[in-house]
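Those protein sequence lines, which keep their order, are chains S and V. Under my numbering, the first residue of the first sequence is numbered 182, with each subsequent residue one higher. Under my numbering, the first residue of the second sequence is numbered 182, with each subsequent residue one higher.
Some hints here could point you the wrong way.
Identical chains blur together in the list; that is why a pair holds if it fits in one copy or across any two.
In silico DMTMM-like links for lysine to aspartate or glutamate, alpha-carbon gap of 25 Å or less [what the hints assert, rightly or not]:
hint: 1; residue 1: K261; residue 2: E245
hint: 2; residue 1: K336; residue 2: D386
hint: 3; residue 1: K407; residue 2: D366
hint: 4; residue 1: K336; residue 2: E244
hint: 5; residue 1: K336; residue 2: D266
hint: 6; residue 1: K392; residue 2: D366
hint: 7; residue 1: K275; residue 2: E396
hint: 8; residue 1: K224; residue 2: E367
hint: 9; residue 1: K392; residue 2: E315
hint: 10; residue 1: K332; residue 2: E189
hint: 11; residue 1: K406; residue 2: D271
hint: 12; residue 1: K407; residue 2: E189
hint: 13; residue 1: K219; residue 2: E189
hint: 14; residue 1: K407; residue 2: E245
hint: 15; residue 1: K261; residue 2: E403
hint: 16; residue 1: K407; residue 2: E396
hint: 17; residue 1: K406; residue 2: E189
hint: 18; residue 1: K336; residue 2: D271
hint: 19; residue 1: K392; residue 2: D266
hint: 20; residue 1: K187; residue 2: E403
hint: 21; residue 1: K392; residue 2: E367
hint: 22; residue 1: K392; residue 2: E244
hint: 23; residue 1: K407; residue 2: E367
hint: 24; residue 1: K219; residue 2: E315
Worth flagging that the hints you see were computed from the coordinates, not collected in a lab.
One-letter residues, chain by chain:
Protein chains: 2
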Amino acid sequence: MMAGKKLEIAIPIFHDLTALDAIGPYEVLQLLPNAQIKFVSHKPGLLRACRGSLSLQATASFEEVPNPQVVLVPGGPGSKALMQDQVLLDWLRKVQQFLSSEPTVPVHDTTLFTTSVCTGSHLLAAAGILRGLEATTHWNTYDVLSQYGAKPVAKRVVRQGKILTAAGVSSGIDMALELAALIADETTAKVIQLLIEYDPQPPFDTGSVSKAGPELTARTIEFVKKIVPITDL
Amino acid sequence: MMAGKKLEIAIPIFHDLTALDAIGPYEVLQLLPNAQIKFVSHKPGLLRACRGSLSLQATASFEEVPNPQVVLVPGGPGSKALMQDQVLLDWLRKVQQFLSSEPTVPVHDTTLFTTSVCTGSHLLAAAGILRGLEATTHWNTYDVLSQYGAKPVAKRVVRQGKILTAAGVSSGIDMALELAALIADETTAKVIQLLIEYDPQPPFDTGSVSKAGPELTARTIEFVKKIVPITDL
Chain S
182 MMAGKKLEIA IPIFHDLTAL DAIGPYEVLQ LLPNAQIKFV SHKPGLLRAC RGSLSLQATA
242 SFEEVPNPQV VLVPGGPGSK ALMQDQVLLD WLRKVQQFLS SEPTVPVHDT TLFTTSVCTG
302 SHLLAAAGIL RGLEATTHWN TYDVLSQYGA KPVAKRVVRQ GKILTAAGVS SGIDMALELA
362 ALIADETTAK VIQLLIEYDP QPPFDTGSVS KAGPELTART IEFVKKIVPI TDL
Chain V
182 MMAGKKLEIA IPIFHDLTAL DAIGPYEVLQ LLPNAQIKFV SHKPGLLRAC RGSLSLQATA
242 SFEEVPNPQV VLVPGGPGSK ALMQDQVLLD WLRKVQQFLS SEPTVPVHDT TLFTTSVCTG
302 SHLLAAAGIL RGLEATTHWN TYDVLSQYGA KPVAKRVVRQ GKILTAAGVS SGIDMALELA
362 ALIADETTAK VIQLLIEYDP QPPFDTGSVS KAGPELTART IEFVKKIVPI TDL
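Please model the complete structure; the sequences and the hints are all you need to start from.
Okay, structure coming up:
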């Protein structure tokens, strides 16, 4: 536990994000003792999640949160529009440099992690942070990681030192529990898991490409194509 | 599939709700073809999730959404303050009466469900909707259901006709996938499960009281007591 010390966790949000990418890990991490979560964006204000029916509030700009101890980048259709957003990418790089500059500080004192869920890792990749590293993302977008010199891995959570990337959407919950154990301790993470009653019992066994099989996977790719982008709503 | 017909899904939100209770199922249900999700509250505006760092926007009042086809009530610390809120409870009753009045309409035409996650079922119970029925809620609050004449069951998802209640927080994802299959069809639900890559691999096996064991459960109950209510932040 990090008694008495605030743990600043920044979650960048943007238009057309996938809300669960952010909120799954948020729900885990906000239970960490002393966690202070900040939803950040280019400027404070409301950001619409994909399909438009939900808005989340960013309460600070990137520049107002220059040195978070943990960064968690969610994904979603809107990540595409940010792949060349220099404000966000510079912020990610700067934050990452800050993180990298203190590799020997004990984890329980000033834990420092850069993390992502789903296509959030594309943004880390675009910022150059994943070059040469293993990473994961949503199963139908591995090629984007390759384009930026990362090595895509079909795992639910990939850890490379201080960088944790999670696969699609719901995987952020698993990642956040692992992160909670790294930040605090295993017992705290286990307590949080019980508190959010995370004893998953999905009604089907189709949560990964290997389990779903080629036919359902092909159907899912077709399904995605029919989803109306937020900009056209 | 319900081609061409809008499926109105109302998610009541309130101060001090547990965000993942709402957002887990939202992420599943918003992928249903023609789903139109409305976050509703006493009046439109921002509602702060528990611990205060996240705000979600309600875009409509209860009275503006009188006949949703699906209701999903999330829980959280804030549900307690609503147990005698006649506006919400009357709305739930009215919605429920509407639902109950058409029990023979085929599910694929006008599917009608009342659902909850976590302590959201307390509000259904307070509205009298669960009297005599089996239901579930967060594992440390079964007694509240009993007080209102429901029969608490330690299951992840409990279905009683058109009423589905889910256990704590993260269980809403499992419930929503089951609901998606009922509303649309199993293939659509399986596609959604793959799309949100819901192949859970929790790092620990402590997601239920029976798995966590008495010591960790006791520790978790102590942990909850130390969480600062939003009103004191």
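Results of checking the hints against the structure:
no.: 1; hint: K261 to E245; result: within (24 Å within a copy, 35 Å between copies)
no.: 2; hint: K336 to D386; result: both (16 Å within a copy, 19 Å between copies)
no.: 3; hint: K407 to D366; result: between (43 Å within a copy, 17 Å between copies)
no.: 4; hint: K336 to E244; result: neither (33 Å within a copy, 46 Å between copies)
no.: 5; hint: K336 to D266; result: neither (28 Å within a copy, 46 Å between copies)
no.: 6; hint: K392 to D366; result: between (32 Å within a copy, 19 Å between copies)
no.: 7; hint: K275 to E396; result: neither (43 Å within a copy, 43 Å between copies)
no.: 8; hint: K224 to E367; result: neither (36 Å within a copy, 41 Å between copies)
no.: 9; hint: K392 to E315; result: within (22 Å within a copy, 33 Å between copies)
no.: 10; hint: K332 to E189; result: neither (29 Å within a copy, 42 Å between copies)
no.: 11; hint: K406 to D271; result: neither (31 Å within a copy, 41 Å between copies)
no.: 12; hint: K407 to E189; result: between (38 Å within a copy, 19 Å between copies)
no.: 13; hint: K219 to E189; result: within (7 Å within a copy, 32 Å between copies)
no.: 14; hint: K407 to E245; result: neither (38 Å within a copy, 29 Å between copies)
no.: 15; hint: K261 to E403; result: within (19 Å within a copy, 43 Å between copies)
no.: 16; hint: K407 to E396; result: within (17 Å within a copy, 49 Å between copies)
no.: 17; hint: K406 to E189; result: between (37 Å within a copy, 23 Å between copies)
no.: 18; hint: K336 to D271; result: neither (28 Å within a copy, 47 Å between copies)
no.: 19; hint: K392 to D266; result: neither (36 Å within a copy, 45 Å between copies)
no.: 20; hint: K187 to E403; result: between (45 Å within a copy, 21 Å between copies)
no.: 21; hint: K392 to E367; result: between (29 Å within a copy, 15 Å between copies)
no.: 22; hint: K392 to E244; result: neither (43 Å within a copy, 44 Å between copies)
no.: 23; hint: K407 to E367; result: between (42 Å within a copy, 19 Å between copies)
no.: 24; hint: K219 to E315; result: neither (27 Å within a copy, 39 Å between copies)
Violated hints, listed in ascending order, are 4, 5, 7, 8, 10, 11, 14, 18, 19, 22 and 24; each of the other numbered hints is respected by the structure.
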